[in-house]
Amino acid sequence: MRWDYVLRVVGVLIFFFGLTMLLPIGYDFFYRDPSLWPTLTAMGITLAVGLLMVVFFRTKDNDHISQREGMAIVTLGWTAAGFFGALPFYIGGGIPQFVDAIFESVSGFTTTGSSILANIEGMSRGLLLWRSFIQWLGGMGIIVLSVAILPFLGVGGMQLYKAEVPSPVPDKLKPRIRDTAMILWKVYALISLGEVIFLMFGGMSLYDALCHTFTTMPTGGFSTKNTSIAHYNSVYIDGAIIVFMFIAGINFALHYQMLKGRPLAFWRDAECRFFIFIVFILTVVVTFNIHGRIYEGIGTAFRYAAFQVVSIVTTTGYATADYEKWPAMSQFILLFSMFLGASAGSTGGGMKCLRVMLCFKYCYRELFSMVHPKAVARVKIGGNPVPEDVLRSVLGFLALYIGLFALCSVLLSGLGVDFTTAFSAVAATLGNIGPGFGMVGPVDNFAHIPYLGKWLLIWCMLLGRLEIFTVIIFLVPEFYRK
Amino acid sequence: MKAIIVGAGEVGFQVASRFAQENKDVVVIDKDPESIRRVSDGIDVQVLHGSGASPVLLEEAGIKEAEILLAVTNSDEVNLVACMAADIISPATRKLARIRNGDFDDYHDVLREEAPHIDTVINPEIEVVKSIERLMRVPGAVDVGEFADGHFKFIGTRLESGATLSGVRLIDIVSQTEKERPLIAAIVRDDELIIPRGKDQLLPNDLVYFISKADNYLDIMALFDKQIEPIRRVLAVGGGRIGLRFARRMEEIGIHVKIIEKDPDRCLELAEELNKSVVLQGDGSDQSLLQEENIQEMDAVLTLTDDDEINILTSLLAKRMGALKTITQISKFSYFPLMATIGIDQVVSPRRSAISTILQYIRRGKVLSALTIMGEAAEVLEAEALETSDIVGKPIKNIRFPKGALIIGIMHGEDAIIPSGESVIHPGDRVIIFAHRNAVPKVERILAVKLEFF
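For the protein sequence lines, the chains are A and B, in the order given.
Heads up: the first sequence at position 96 corresponds to 85 in our numbering, and the numbers run straight through without jumps.
Every position in the second sequence, counted from 1, becomes a number in our numbering once 107 is added.
For reference, chain A alone in the conformation it holds in the complex (with noise of 0.2 Å):
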């Protein structure tokens, strides 16, 4: 592996993500933001580091690269995004803490949406607007910008957009790499102006509708309100959320064959039929549940669990209703919605509708396998059979995911975190969703969690929004073997 070459690449992405603080510093400068000089000095420095990199490795320019290259460049300049991202934070005491700016800014671009911090308000606007603006680069993905954008990446950038986007089965909408990013990124920006302009119906001010969206579309969850979209207390402004974390949590594949012209995309999906069928049958039995105890009407029972369960399961984690207060039956179906997660190529995370299937797909060719011993059977998706290998990763993904967990709720609770806090915290931060259960619930934060816990759930973050195999590769000793 060339190191020198892979941080030269990380160098040039680092100079390209101080860029991106171009937005902010904009605003603050026009709204007389005391946001400005912090801004503009960690812009300064991420530039600078970025360019000092990129002077100092220089390497022959080799437009091929590894794989094992392509992890590390993904890894490494996700760190150095969630690193230089909590700058603008820490630089003018808008979070005093280190660990806090670090915490929050990868919960950010991981698009996880949990926060430290306890008075949302009290932050400058022109912070909460670089806050929101994180998740929004996060959720498409900084890489596949990157991609889509700097030419030099051409052929290598496909083993970076595999690092980053590294769906089961990953979709090349066009021949070429750079245009498959480009389009998404158009698709993605495209149904973002849709939700601004909704939102903005529904009585937002501009600033709020773009926070918003800017959390919305990459399934993030962050909000500029303390009490979230409960703020707006508006079935309007729910009803036009709840559709758009939908969408976000549908493989952005299928909404460009949607603006292609092909409606149809979406039903013959079997992933996206899946989807649907999860989150309504989740959503109706959420909604009996709560009914009658918790709210009166059916109508403002329905309102409330499909927001929960659309937020949940897209793994947005807005909230408009403390849902600790709910029934154990509705508790348990949004913690376990917190494994699910949303359909691959979407920007959501966790777990992935499309592996949960092949997982229950394959568990069932073992069943029929016992009954009959001699069958030749093929797991498939909507027809097409599934290769053997496609199977065995998504397999290990998924035994890799709940060993993960289990080791970090017990890392967490040895911490001094109670058993509720330590499982959903770890669970939300590993499924990139946001708030837990316990402590950490939707109406709590994370600012309590001791320092070391931190540590950890920003790297549950991290290995969650790159689907770990990118991520843990750096721990295993073959990867650092020439």
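Please note that a few of the clues may not be correct.
Where chain A lies over chain B, by a calculated footprint (3+ residues, C-beta under 8 Å) [what the hints assert, rightly or not]: (1) 131 to 139; (2) 447 to 459.
What follows is a list of derived Cβ distance ranges for each label pair [what the hints assert, rightly or not]: (3) F468/A to N323/B: 37 to 47 Å; (4) L420/B to V365/A: 39 to 49 Å; (5) Q403/B to R470/A: 48 to 58 Å; (6) A366/A to G157/B: 17 to 27 Å; (7) L420/B to G372/A: 43 to 53 Å; (8) L248/A to G157/B: 45 to 55 Å; (9) I138/A to E141/B: 26 to 36 Å; (10) Y469/A to L420/B: 32 to 42 Å; (11) G157/B to F349/A: 20 to 30 Å.
For lysine-lysine, the following DSS-like pairs were computed, each having C-alpha atoms within a straight-line distance of at most 27 Å [said to hold, decoys possible]: (12) K109/B to K161/A; (13) K171/B to K138/B; (14) K131/B to K161/A; (15) K163/A to K171/B; (16) K175/A to K161/A; (17) K161/A to K138/B; (18) K510/B to K163/A; (19) K432/B to K365/B; (20) K171/B to K161/A; (21) K306/B to K432/B; (22) K138/B to K151/A; (23) K138/B to K163/A; (24) K369/A to K138/B; (25) K369/B to K426/B; (26) K131/B to K249/A; (27) K306/B to K151/A; (28) K163/A to K131/B; (29) K175/A to K249/A; (30) K426/B to K333/B; (31) K549/B to K131/B; (32) K163/A to K504/B; (33) K175/A to K131/B; (34) K171/B to K249/A; (35) K350/A to K138/B; (36) K151/A to K109/B; (37) K249/A to K109/B; (38) K306/B to K320/B; (39) K175/A to K171/B; (40) K333/B to K175/A.
By construction, these hints were calculated from the structure, which means they are not laboratory data.
In this text the structure is predicted, and so the values were computed from the model without any measurement.
Even for Gly, the Cβ is constructed at its ideal location relative to N, Cα and C.
With chain A fixed as given, assemble chain B onto it according to the hints.
Coordinates of chain B only, in the frame set by chain A:
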């Protein structure tokens, strides 16, 4: 430009990666998941798994927007059906198919004019036999290409360590010869392609590529201390399709051929097909057999079996036993860089020939023929200078030509000219251009961009 490639074998892979580097949109279809994975891991193209002969899959691949369909699977039949399906769905798409069966030789024109309208049928075996013939004709040459209907020869030759020209700077070559100086287009030194300037030296063991007029290439070869040995007797190891085709051709031009083939049944077939050639049943790497057949008296030994390793070893053995010249057939691209090191210089490859033919067809504008050297590091293109092109009507030194590209020959009417800075290209002339891989797209543009105004 969009291209669909059916078949992800060596040819499909190489052409796809070539296109991807030139920023063309490529979709590759293959039945074998392993080959598909190799493509999708290695190059930036879209892949589809399935049979390229399936109209459904072709449609999914976007055949309707595709400019070119390349059918290069191992099966002639699949290639034909793929072209047929494409012809039905999208008649506007240009189609190239690899068809190796010799029975189709006389039907190439028919296949073009009638359904399935295959614009170019590629039979690499024909090309390979041609290049073997060229290599045999030019002694000491590693690579030989002909341009402008044979008026120019583009030759690559290796400089021996004792050669008079080794250590000489290019500008000094002129003073050493009274005849016309050779135009040296490129030097391959330690696997690196150098486009030399006047002050660069020639070093021993360099592979030197130069262009010359067809009538004086032997003089130039003599400059490089390569002597002329007329070829009269040839021994070929391997009597497959290429071996048979080659022997037939040699019978036509009156060169005596011995063919060694392992398979007794195939030997019988060969003996029936061939009249003057001697068919020998046996193992080509059997020393006593080679001895018995007087290998040291042979002007050239060809190894043409379909096993690369056997070809390489047999060639080495033949050289050791005194054969003057060996020509080796190799399919695996990863072996090419090794060949010079182990002392095998003259190599032919059906796959490389197929790629050359394909590239030549795909070059836009009026590119007439093309040759690739050193794997794919550079190309020699022949094109017609259009009246509207930027390159006509002024001295060559004033042309803004892309870096890494050279004009190495001009065919003005019946005159072949090796150009100097003062030469002027006239409309309608054929120009021969040497271009580094990175410069090819720019050269294409210079030659073709104005064409689109017609």
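Hinted pair K161/A and K138/B, Cα distance within 27 Å | At roughly 18 Å apart (the allowed maximum being 27 Å), K138/B and K161/A satisfy the hint.
Holds or violated: K109/B with K161/A, Cα cutoff 27 Å?
-> holds (15 Å)
If you draw a straight line from the CA of K369/A to the CA of K138/B, is it 27 Å or shorter?
-> It holds: about 18 Å lies between the C-alpha atoms, which stays within 27 Å.
Hinted pair K163/A and K504/B, Cα distance within 27 Å = violated (42 Å)
Does K131/B lie within 27 Å of K549/B when you go C-alpha to C-alpha?
-> Roughly 14 Å separates the two Cα atoms, so the pair holds.
Restraint status (C-alpha distance of K163/A to K131/B at most 27 Å) | holds (11 Å)
With respect to the beta-carbon atoms only, verify the hint that Q403/B and R470/A lie 48 to 58 Å apart.
-> Holds: the Cβ-Cβ distance is about 50 Å, inside 48 to 58 Å.
Is the Cα-Cα distance between K333/B and K175/A 27 Å or less?
-> Judged against 27 Å, a Cα distance of about 62 Å means the pair is violated.
Measure nothing beyond the straight line between the CA atoms of K306/B and K320/B; if it is 27 Å or shorter, mark the hint as holding.
-> Measuring from Cα to Cα gives roughly 24 Å; hence the hint holds.
Is the hinted pair K369/B and K426/B satisfied, with a Cα-Cα distance of at most 27 Å?
-> holds (21 Å)
Decide if the proposed pair is consistent with the structure: K138/B and K151/A, CA atoms, cutoff 27 Å inclusive.
-> Holds, because 23 Å separates the two Cα atoms, which is no more than 27 Å.
Restraint status (C-alpha distance of K510/B to K163/A at most 27 Å) | violated (31 Å)
Hint compliance for this structure: hints 2, 3, 8, 18, 21, 27, 32, 40 are broken, all remaining hints hold.
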